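K.L.:
Construct the entire structure; sequences and hints are all you get.
From first to last, the protein sequence lines are chains A and B.
Residues in the first sequence are numbered from 206 upward in steps of one, following our numbering.
Residues in the second sequence are numbered from 553 upward in steps of one, following our numbering.
Treat the hints as calculated values from the structure; they're not laboratory data.
The structure displayed is predicted, hence computed values, not measured ones.
The beta carbon of each residue, even a glycine, is placed where N, CA and C say it ideally should be.
Some hints could be false.
Straight-line Cα separation of at most 27 Å, DSSO-like style, residue types lysine-lysine; simulated pairs [what the hints assert, rightly or not]: (1) A:K324 <-> A:K359; (2) B:K581 <-> A:K476; (3) A:K473 <-> B:K626.
A few chain A positions that, by computed beta-carbon distances, are all more than 10 Å from chain B [said to hold, decoys possible]: (4) E240; (5) E497; (6) G515; (7) K516; (8) K589; (9) E638; (10) K655; (11) D700; (12) D740.
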Amino acid sequence: MDKFILNVIHRPELVPEYINTDAVEGKSNDLGAKEVIGESLDIFKLQQDIAHRNGIKCTIQMTYAALYNDEAIALAKKYHEEFGDEIAHTFLGVNCEEFREKYGLKDPAIWLYHMDDKKRIAVDSFERFKEVFGFYPTSTGSYYMDAELIAFIKEKYPMVKIAVATCFEEGPKVFRHANNSWYTIMDGAPWTAWVPSKYNSQAIAENEDDDLGIVAVPHLSRDLLAIQDNAGDMFGTHPQNVIRGMINDKDRLPFQYNLVDQYQVMKKYNKGYSYNLVYVGPGWMGKAGRWETGYEILVKSYEDFLAYYGKLKKEGKVDDMTMSEFGDWYRANKAINEPCCALWKDTLFGTKNQVFWYADSQMRATVEMKMGGAIVDLRPYASKLRRPVGAGTKANQDASYPYIVHSRYRAGPFVHYAGEGAIKSAKIRYGAEEVDLSSCRSTAQYEEGKGFRRCILRPVTVEFQSLNVQIETAYTFLENTGKIEISRKVVGISDETAQVEIDEFLTSCWGTTEYPEDLTGCTLSVLGKSGERNDLSYDYRCREFKMEDVSAVEATIPMVQTKVSLIPQFEGGTGYYEEGYSFAPNLKIGVYKKVGLNEALVTIMQLEQSEEIQS
Amino acid sequence: MSQGITGPINYRCPQCLFRAIDYDLLYDKDVDEYYCRRCNWEGEELEILSFYSVYKQQYKHMLKRWTVNEIEAKDES
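P.N.:
Listed below in structure tokens is the structure:
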């Protein structure tokens, strides 16, 4: 397969987030202002013209307001007839006079409403769509749609086949970037299209029974390295977002083309397929400009960006589709539990940094090469965690799928006397010396085979006072099993008779933000080969235990209904747990053994749903 | 002192920008000066632009074009 697919979405919003500046400044809340509606439609027409000029087919997502605007309706019909654009539906842009009068509500975010209001609004807008166009939409979307809302829509309107269901990594970083005011708190989903689980729309479905019935796509396609330590809203297939990040010199934005080209490279890791979604709301191309940038440059950036896709299309390098066409294509060509894979390289900061992302129905994992191949972000989809959001739910605004490792929110490598924070890494010991592999930067290669994807790091040299040792790390993701095989092989050593001790460990916790969550009641276990075991109920008392010749070490985190195990694939390993304390609010499990030249320490890390179900 | 308004150009606070926060500055037309309502920054336009220029230095490859082939070959040895 050789397929790079593009979805371009436009919406006649009519009351865009950023154009209605009087409302923004608190001077007015007139949602029917003719000037605002007129400008919004002009931008919509301009965006459509730019796309069509470059031969690109669009998906027109009709907002609630647009469904009550004769000109927007007529335009949608015209574009559909003339260019084959899809007339689709969106929950963005609900705010308008008709909506306010009917509901007396102001929330712009469908996912944050009470469930009864979500249902009313969904039925109301779908029925209005049918009334206007004579058919029900087959695609919809919002910044976020939880599994419960998607399930309701799918049951009521089974023709819906695809939805914009999340914004990739719009979690705490984006919240902060927007002065703690932008409630798209939704870390933890795949970065590209997936079939969502009935349990949680951010997780990939496991099988037919778990299939929520649609294909989900993220709101934009983002730089998978830049978003790790920065707000994602500056690094996506959205040229005005790139300008927001000041990654431009006037109208020069080479980064936006680098981003598209890197997504083309992603075909290499996804069996010949890759995907881009472009979705620029009209508010980003307003006449008043956006922050420091004037209208002309904002428009030119969009013209240039779509011209690049147009050029790729002419060269046969991209297939433009409507959302529904893509939904059909995905169903016909990809498995329900299709893994997503990416070895992403820095093209912006001038570093050698690389990061490997992997997601399937059991997990989303991020391997960081500049940290010696440590797993720095781990989301346990295996836990099938239900997490409805919106008013009246426990999660309320926080839609993120919880992590059990997050090395940026929760410290990561050793920083001070509290030890390391959340990280999956290994320590190499020789005599009294110890080195964490996360301090040994590397780069990686990719391999795949039947049922597995592999990320192999180039060997790193660990330097002890009297010994140098080269270690090669390899992660083999066993697709849809919840298992990662982790290999640490000694591929070189300055004294061939020497052995080093390798300690394969996991420091874990849980949460969705930077702040610690309560670990009381988590269970730490060491299991012996003969069935003996030692269990500890977490209570911040700094207790430790170790056992020789173990079969596994485990941690159960009931708050996210997850069990994580390290299972040595070798004999004679010593396993341990460390409880942690309030200044080091993590739990740690590990297995260690001495190995020599050309020997490897192989361990399976397994994620499972714990027996204690919380949701 | 007069009411702060959006300036001729809607600049974001340079100091907040360095803390990864987008925060609009207000403009005091009486003294031709911008100020931030969140942090303790105030200054002239030239100073804002100078901060912005430093901010952009994090993007060492901001103006570098990486093609498909170049990305594939990057750091492969």
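K.L.:
Could you run down the list of hints and mark each one as holding or not?
P.N.:
Hint check:
1. About 12 Å separates the Cα atoms of A:K324 and A:K359, which keeps this hinted pair within 27 Å; it holds.
2. Of the pairs offered as hints, the one joining B:K581 and A:K476 is violated, with about 59 Å between alpha carbons and a cut-off of 27 Å exceeded.
3. In summary, the hint linking A:K473 to B:K626 is supported, as the alpha carbons are separated by about 14 Å, within the 27 Å threshold.
4. The beta carbon of A:E240 is kept farther than 10 Å from every beta carbon of chain B, the shortest such distance being approximately 17 Å.
5. Here A:E497 does not stay apart from chain B, with its beta-carbon only about 6 Å from theirs, under the 10 Å limit.
6. Every CB of chain B is more than 10 Å from the CB of A:G515 (nearest about 17 Å), matching its label as outside the interface.
7. Distance to chain B confirms A:K516 as a non-interface residue, since its nearest Cβ pair spans about 13 Å, more than 10 Å.
8. No beta-carbon of chain B is positioned within 10 Å of the beta-carbon of A:K589; the least distance is around 33 Å.
9. With a minimum CB-CB distance of about 29 Å to chain B, A:E638 clears the 10 Å threshold, and the non-interface call stands.
10. Listed as outside the interface, A:K655 is consistent with that label: its C-beta sits roughly 24 Å from the nearest C-beta of chain B, beyond the 10 Å cut-off.
11. Every C-beta of chain B lies more than 10 Å from that of A:D700, the closest at about 28 Å, which supports listing it as non-interface.
12. The claim that A:D740 is not at the interface with chain B holds, since no C-beta of that chain comes within 10 Å of its own (minimum 42 Å).
Of the numbered hints stated above, those contradicted by the structure are hints 2, 5, listed in ascending order.
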